[in-house]
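Taken in sequence, the protein lines are chains F and S.
Numbered per my numbering, the first sequence spans residues 1 to 310.
Numbered per my numbering, the second sequence spans residues 1 to 266.
The hints are simulated quantities; they were obtained by calculation from the structure and are not laboratory data.
Only a predicted model underlies this, so the values are computations on that prediction, with no experimental measurement involved.
Treat each hint with caution, since some may be false.
[Said to hold, decoys possible] Calculated cross-link-like contacts (lysine-lysine; reagent style DSSO-like; alpha-carbon spacing at most 27 Å):
| id | chain 1 | residue 1 | chain 2 | residue 2 |
| --- | --- | --- | --- | --- |
| 1 | S | Lys183 | S | Lys59 |
| 2 | F | Lys304 | S | Lys20 |
| 3 | F | Lys223 | S | Lys109 |
| 4 | S | Lys158 | F | Lys223 |
| 5 | S | Lys18 | F | Lys303 |
| 6 | S | Lys187 | S | Lys109 |
| 7 | S | Lys18 | S | Lys59 |
| 8 | S | Lys116 | F | Lys223 |
| 9 | S | Lys183 | F | Lys223 |
| 10 | S | Lys134 | S | Lys112 |
| 11 | S | Lys114 | S | Lys20 |
| 12 | F | Lys303 | F | Lys223 |
| 13 | S | Lys17 | S | Lys59 |
| 14 | S | Lys187 | S | Lys158 |
| 15 | S | Lys3 | S | Lys59 |
| 16 | S | Lys18 | S | Lys112 |
| 17 | S | Lys183 | S | Lys114 |
| 18 | S | Lys158 | S | Lys183 |
| 19 | S | Lys158 | S | Lys112 |
| 20 | S | Lys134 | S | Lys116 |
| 21 | S | Lys116 | S | Lys158 |
| 22 | F | Lys223 | S | Lys3 |
| 23 | S | Lys59 | S | Lys116 |
| 24 | S | Lys3 | S | Lys187 |
| 25 | S | Lys134 | S | Lys183 |
| 26 | F | Lys223 | S | Lys114 |
| 27 | F | Lys223 | S | Lys20 |
[To be verified] Listing some non-contacts, in silico: residues in chain F with all C-beta distances to chain S over 12 Å:
| id | residue |
| --- | --- |
| 28 | Leu63 |
| 29 | Leu134 |
| 30 | Ile156 |
| 31 | Leu166 |
| 32 | Ala214 |
| 33 | Ile289 |
| 34 | Ala297 |
C-beta: ideal position from N, C-alpha, C; glycine also.
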Amino acid sequence: MSTLTMNDGFSGELPVDRSTTVTTSTEVPTAKEMTMEQTTTVKAVDAGPSFTEMLATMGRAVLPPLLGLLLLIGVWYVATLNGGAIPGPSVVWDAALNLFADPFYDNGPNDQGIGWNVLASLERVGIGFGLAALVGIPMGFMIGRFAFLANMVNPIISLLRPVSPLAWLPIGLLVFQRADPAATWTIFICSIWPMIMNTAQGVQRVPQDYLNVARVLDLSEWKIVTKILFPAVLPYMLTGIRLSIGTAWLVIVAAEMLTGGVGIGFWVWDEWNNLKVEHIIIAIFIIGIVGLILEQALILLAKKLTKEAS
Amino acid sequence: MEKFVQIDRVGQTFDTKKGKFVALRDIDLSLRRGEFVALIGHSGCGKSTLLNLIAGLTKPTTGVLLCDGREIAGPGPERAVVFQNHSLLPWLTCFENIYLAVERVFSQKEGKPKLKARTQAAIDMVGLAHAAHKYPHEISGGMKQRVGIARALSMEPKVLLMDEPFGALDALTRAKLQDELMKICEKTQATVVMVTHDVDEAVLLSDRIVMMTNGPAATIGEILEVNLPRPRARLELANDPAYIQCRAAVLRFLYEKQAHVEKMAA
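Work out the full structure: start from the sequences and follow the hints.
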C-alpha cells in the first residue's frame, strides 16, 4: 500500500474513507467513481430511523410541553374556581372565540379589531427595528474593525445601554411631536444596542487566520468586508438581531400603553379601563405567541443562513 | 550568488507582559531564484517567526529583508503563504477560494474568462478538478491543503512560503503531497521557503536546509547543501549514501548540538 501512495501522486487519495484505499491497490478510481461512492454512503446514513422510531421521537418532543401547558391551565382553572377578579379559562376561551370571530373590524381609531392592533404593533416594531439594524449593524462593523472607534464609543454605549428604553419616550415625543414616531423611536433605541454589540464582538472574533489570508492576498477593504468579515460575523449578527427583536417586542407593549392609539399595548390598557379582564389575559397570550413566532422565525433564518455560509 | 531574497542582520523582539522576549537575532540568509529552502529546528526556535517576517506579516525589530531588490514592507501576493491549517474560507467553495486570490492579482489586466481559466488550471494542477465546487468542510485534510497550495501558486508568486504545510496530515497523505509538491516546483520553478520539523521532508524536498538553534534568541546554526540530483524518487533515495549522510547531519544537529533545550523542557 505504501508504494501506491508514493507513486500515484494525488489521484489515489480518497476524500473521506481511508479504508477504501485497499480497493485502490489494484486500480486507481477515477474522480467520478469516488464521488459516486461518497453519495451512496451519505444516502445510506440518511435513511436510518424507521417510522415507529420517528413517531417515538416526536412523542418525546411534543408530550412534555403539552403536559406543561395543561398543568398551567389546570392551576389557572383551580385558582379561579371560587370566582374573584380573574376570569377562569372557560370564560376567557368564550371571549377569545368572540374576539377572533372578527379580528379585522374597524370602528374608528379607538375601536379596531384585535388583528389590526397586533399588526399596528408589529409595524412599529418593524420600522424601529429595521432602522436600528440599518444603523446598528454598520456601526458594529466599524467599532469591531477599528479599535480607536471602539474605545471612543464603548463608554457611551455602556452608559446608555442599561437605560430603560421608556426613558427615551419623552425625548421622542418632544422631538417628533407625535405619539407614533415616538414609539418607533423607543423601539429603535432598545433594539440598537444588541445589534451593535454582537456585530462588533463578531468582527473582533474573526479568526486571525482569515485575516492573515486577507493580508497576504492584500484584499481591498471592500473585499475584506464582503468575502471575509460579513460571512464570519453573520452568526453573531443574527444573535444580535434575535435579542433585539425580543426586547423590541417587550418594549412596544409598554410604549403603546403610554402613547395610546392603535396597538396591542394600548389595547391592553383600553381593556383595563373597560375592566374586561378576560381580554387582558387573551392579550397576554397573543403577545407571548407573537413573540415566540418572531424568535423562532429568526432562529430558523439563522440556521438557514449559517448553513449556507459554512 | 544571486540574492533573490535577502535577509540582512534581522532580529525580532516581542514585547510581552514579562518584558522583552528576543525571538530571533542576527539572521543572515540569501535565497537564489528557484531555490527550495527548508527551515528546520526544535519547536519554539522561531522558524515560523522568520517565515512571517519574509511574508511581511510581522516587521523585524532590527535589520532588513529584501525580495527581488525591494524591501519587504508588508504582506502581499508576490510572497504567497500556505498556512499550516490551510486557512480556506469555509463559506467559499474550493474554486471560489482560489478565484479570490486570482482575481486580486490578475483582474486589472485580464477579463473574467481568463481569471476563471487560471483558477481552473490551479485546481487541475493539484488534481482536484472533481472537488472544485465543494466546500472545504466536504473534503479531506489533504485535499484542503492542496487547495491552499493551489491558491498560493495561482497568484504566480515570486516566493512561495509554506508554514509546516503538511504537519497536520497523516504520513501517507503527507508523502503524496510532498511528491506532488516536488513535481509542481519543477514545473513552475518556484522559489520556496518551507518551515518543517520533519527531517526526511527537509532532505527530500530542499536544495538547502537552514538549521536553527534553540530559542530564545534563536539564530541560524548551520546550513546544509543537499546535493541530490532531481527529480528525486523517495524509494531510491532511502538507500542513497548522500541522502543518508544529509539526514544524519540534520539529525546530529537537532539531537546532539541542540539537544539541551529538549532536556530542559522535559
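*Straight-line alpha-carbon gap Lys183 of chain S to Lys223 of chain F, limit 27 Å*: 33 Å, violated
*Does the structure keep Lys116 of chain S and Lys158 of chain S at a Cα separation of 27 Å or less?*
With a Cα-Cα distance of about 21 Å, the restraint between Lys116 of chain S and Lys158 of chain S holds, given a limit of 27 Å.
_Distance restraint between Lys18 of chain S and Lys303 of chain F, which requires alpha-carbon spacing of 27 Å or less_ = The given pair, whose Cα atoms are some 44 Å apart, is violated under the 27 Å limit.
*asked:* Next pair to validate is Lys18 of chain S with Lys59 of chain S; report whether the Cα-Cα distance is within 27 Å.
replied: 21 Å, holds
*When you check the alpha-carbon spacing of Lys18 of chain S and Lys112 of chain S, does it fall within 27 Å?*
Violated, at about 52 Å.
*In terms of Cβ atoms, is chain S entirely out of 12 Å range of Ile156 of chain F?*
30 Å, holds
*If you draw a straight line from the CA of Lys114 of chain S to the CA of Lys20 of chain S, is it 27 Å or shorter?*
49 Å, violated
*Measuring Cβ to Cβ, find out whether Leu63 of chain F lies farther than 12 Å from everything in chain S.*
35 Å, holds
*Hey, Lys183 of chain S versus Lys59 of chain S, does the alpha-carbon distance stay inside 27 Å?*
33 Å, violated
_Hinted pair, alpha-carbon criterion (27 Å max): Lys158 of chain S, Lys183 of chain S. Please report holds or violated._
Within the cut-off at roughly 18 Å; holds.
*Cβ separation check - Leu134 of chain F to all of chain S, threshold 12 Å*: About 24 Å separates Leu134 of chain F from the closest Cβ of chain S, which puts it past 12 Å; holds.
*With a cut-off of 27 Å on the C-alpha distance, tell me whether Lys304 of chain F and Lys20 of chain S pass.*
48 Å, violated
In summary, the numbered hints that this structure violates are 1, 2, 5, 9, 11, 16, 22, 23, 27, 32.
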